[in-house]
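Undergrad: Residue strings, one per chain:
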Amino acid sequence: MLSSLPSIVGFVRPDIDWHAVAPELTLLGVGAVVTLLDIVLLERGRAYTSALAGIGLLVALIPIVTLAADGTTREMFGGAFVVDDFALILKAMFIVVAYIVVLLSTNYIAEGDYWENEYYGLLLASVMGMVLMASARDLVTIFVALELLSIPAYLMAAWRKADPRSNEAGLKYYLMGVFASAIMLYGMSLLFGLAGDTRLSVISDAVSTGDANPVVILGIIFVIVGFAFKVSGFPFHTWAPDTYEGAPTPVTAFLAVASKAAGFVALMQLVHAGFPGRDDVYQPLLWILAVGSMTAGNLIALRQENIVRLMAYSGVSQAGFMLAPLAVAGDIGGEALSAVIIYVLIYAAMNLGAFAVIIAVARRTASGEIRSYAGLFKYAPGMTILMTIFLFSLAGIPPLGGWFAKFAVFRAVVEADTGWGYSLAAIAAVNSVIALFYYAKVARMMWFEDAPEEADTSSLRVPPSLIAALGLTAAATLLFGIYPAAITHFTEGTLIALPY
Amino acid sequence: MGEFLNDWGLSIPTFLPIIGAAVMLLIPKDREQLHKLIALATTLAVAVFGLLLLIQFIDNDNYGALNFVVDKGWIDVIDARYIMGVDGISLPLMLLTMLIVPLCVIYSWNHFPEPHNPKAFLMLLLILETGMIGTFAAQDLILFFVFFEVVLLPMYFMIGVWGGENRRYAAIKFFLFTLFGSALMLVSFLALYFLADASTFDMRLLPEAAAGIAKSSQVWVFGGMFLGFGIKVPMFPFHTWLPDAHTEAPTVGSVILAAVLLKLGTYGFVRIAIPILPEAAAEWAPFIGLLAVIGIIYGALGCLAQRDLKRLVAFSSVAHMGFVMLGIATLTDFGINAAVFGMVAHGLITGMLFFLAGSVKERYHTLDMSRLGGLLVQAPRMGWILGFCAMASLGLPGLAGFWGEFPAILASYNPAEVLAEETFRSYMVIAALGTVLAAGYLLWMLQKTAFGTPREEFANDPHVRDATVSEYLAWAPLLILILVLGVYPHLLFGATDPAVVNSLSECLDSVTSGTCFDAAAGK
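Line order of the protein sequences matches chains A and B.
So the first sequence is residues 1 to 500, counted in the numbering used here.
So the second sequence is residues 501 to 1023, counted in the numbering used here.
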């Protein structure tokens, strides 16, 4: 009976390479166990979930290491799901970032008396979407991955449900996210209509020939704009500051790093595998997005009084830097991807570190105002030094990691050797100076100002999980700056396996 | 020993200070004496190492070429390598750095500026030393860039935490100006990498590899470097950060800023911009010369308008660096030799003047020259030292300052053949006027502070005492060097000349005789 089923419905189960999907399956399994634990143990499960989620994430790293050791490119579902070097680096990054977010969340969520088990279940689901995104080479897979990573994030942004600002954060994020999805889907439908297939490799062939017709142009613009929302590029960044400020700070860190990186992963795949022949369309668009993001983000950041809003706008500006190599991707090919990946990896380390300090300091000051950092050097010198490292790394000062990220971007745009590339380099150079001003503003508060009279200036106590997160991110920030080969080792060569 | 120095001679003194800083990080803040001892031991060890390097350098007897070359992989994927080496141009500046830093530690031994905290202060000083030595040793553009930037953060904090009343403004201004220049400089380095025949950041190979770049591109690339180095020097009109930074910085910060940090800019011109892009340099030279002489006159007039002693010395820096830049702009080996000498001399003399200004401030709690006076009566030895330094600074023959200024003026009478003689001869006249103004403001300063009788408010002030032991210890080496180099300038010229000639003649492959600029004229 069963053996005759395929002949009736015309469906043959495609071959599944279980090794290739092992990271996703591990995350799915751990997420399910966390959720089941909640149902069975109820409140008693709270003690274990955070540790379980952390261990589960580390376990998910194992198949990634074995896949990397194996080294072959694996394809499934007709090329819709690909495991290559590109996918593996980014999967590993997403999982490590999620692990650090778990470290950041542990005390925050437990002490805030929020629901814990669901929180970690949702976090794991979102990470699974990101890990899937790194392998998605097909419009439908990309879309499914995007929704899988976004929907849990909408819920997590509104986790502090007693606080109206958290509700506002979640709602704003949700509405803007859905809006972006709709635009993106429309663009995807146009591309599908033209190519007759959802796989990027087929779309690439269909859109690259001849002159760009309006359908292709609209399709590409809509898809890229959809992801511009996700990476909070100007002028589609408006949700970011409110969402970042209202969401629980560990979730903000997660959104600012992992979710943004996932958007870039999709953009890289689209630009490099989806429409490499249409650089006449996507390059000017990305150039405008890059310049707009880095400039507008910086200028608005100058006026911020709240540290999280400052980080939000600085994130907009950093997104502009990450977009810059893609704006010349048609001229330099895979080098652009290497530059973006280098930037995303270093950005993840330093930005998570900055958020870890923000969480640690907020435990004392219960405030996000930049003014509340006054005199931090006097009572928390270690935290001050760490924050200084992260801030100046974000500003791109050698020998901290950020310099190499900026360097990779400069290198990519100059390599293009076009007027667009050089002008982008000059604008980026000016912007990196503007950025220093607001990062230094925070540093100035910590080092040069005295704490207000009424402030509690006994030494700061930091829980061990936060110390672990700070140690990991600070070590990575310094290592990437002094010995960048630690990172370029992984980003050399052809990263995305193209089918032709 | 020679073998060891050839392999490790540059890496050890570069990174020793940072190791010292790391050790200090682990020691609690309240063990101040221990912190001071560690800092002193580290910086003295570096200085001794510098002495060994000097001996070996003389022994190698190859001043024109790079000595102690290390060439190791660093960031392979972008072809950036860990290449270190020194020749006759960089060694004097490196030794100057190695000398100044321990003197700064000795000077501040018993009087750290508010808010005290010797641990943090000395750690910053050590990180600064790593950055400065590394910049002079680096022979790879990216390595150079990293070290060039490493000095920013410690100096920013030094000004911002230990500085005067207006320190916040001065600190961020210093940082932003420099960063702006260096960001564009980095873009230029990258353009060089991609445009040159060989994709390399190796400074030894680039002069040859960059020769094929179209002249119009060369001019743009040079422009980026000009901003990077010119802001650091600082040249008029980018000099505005300097008086603020100098005035607000703590004494030691001012000394390091004047003695070493400014030299990073001029050194960049001599080492990188001109040898690699000689044709563009020839295009830019008249413009650089013009800004240099404007700087000389503007700096001097600025000095005459000051009431604050420290600000006066700061503006005199603008003028003196103008002479250095004028020497460089002539593009002759004579002018560049003068420039390198000028850098060292300015480092010694202006460093001393800032030490003195700091000591005056500590005694009188003011630097307002209208309130000072009678230093020779109250603290005669310090007064004489101030007089000596003022004489050296105005370029009195027989002291080091003379050999920086006079040959620079002389060189502009006869610039490289590609440059217009009339232009540079008129620069020469203006620069010569600048020396007269320099004599004017320095003597005026001396008259205001050292001569006369003390003001009533300070007449019986017990704080006003003569130089202390730590001050003597810190100052003596500088004073001796000012005199020795003044009397026997060949000590320095002997080392710099082969290196300058070498770097200028290497810059175009096709040259058969003379410097490349004479050959470029024939084209």
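Because the hints were derived from the structure by calculation, they are not lab data.
The reader is advised that the hints may include incorrect statements.
What the hints assert, rightly or not - Simulated crosslink set (DSS-like; lysine-lysine; CA at most 25 Å straight-line):
id : chain 1 : residue 1 : chain 2 : residue 2
1  : B       : 673       : A       : 441
2  : B       : 572       : B       : 715
3  : B       : 529       : A       : 378
4  : B       : 948       : B       : 673
5  : A       : 378       : A       : 441
Undergrad: All the hints need checking, so say for each whether the structure fits it.
TA: Do the hints match the structure? See the list:
1. Pair hint residue 673 (chain B) plus residue 441 (chain A) holds up; C-alpha atoms about 12 Å apart against a cutoff of 25 Å.
2. Distance hint between residue 572 (chain B) and residue 715 (chain B) is unfulfilled; the C-alpha atoms sit about 32 Å from each other, more than 25 Å.
3. As the CA atoms of residue 529 (chain B) and residue 378 (chain A) are separated by approximately 12 Å, the hinted pair is consistent with the 25 Å bound.
4. Distance restraint check for residue 948 (chain B) and residue 673 (chain B): the Cα-Cα separation of roughly 30 Å exceeds the 25 Å cut-off, and the hinted pair is therefore not satisfied.
5. Straight-line distance between C-alpha atoms of residue 378 (chain A) and residue 441 (chain A) comes to about 17 Å, which keeps the hinted pair within the 25 Å bound.
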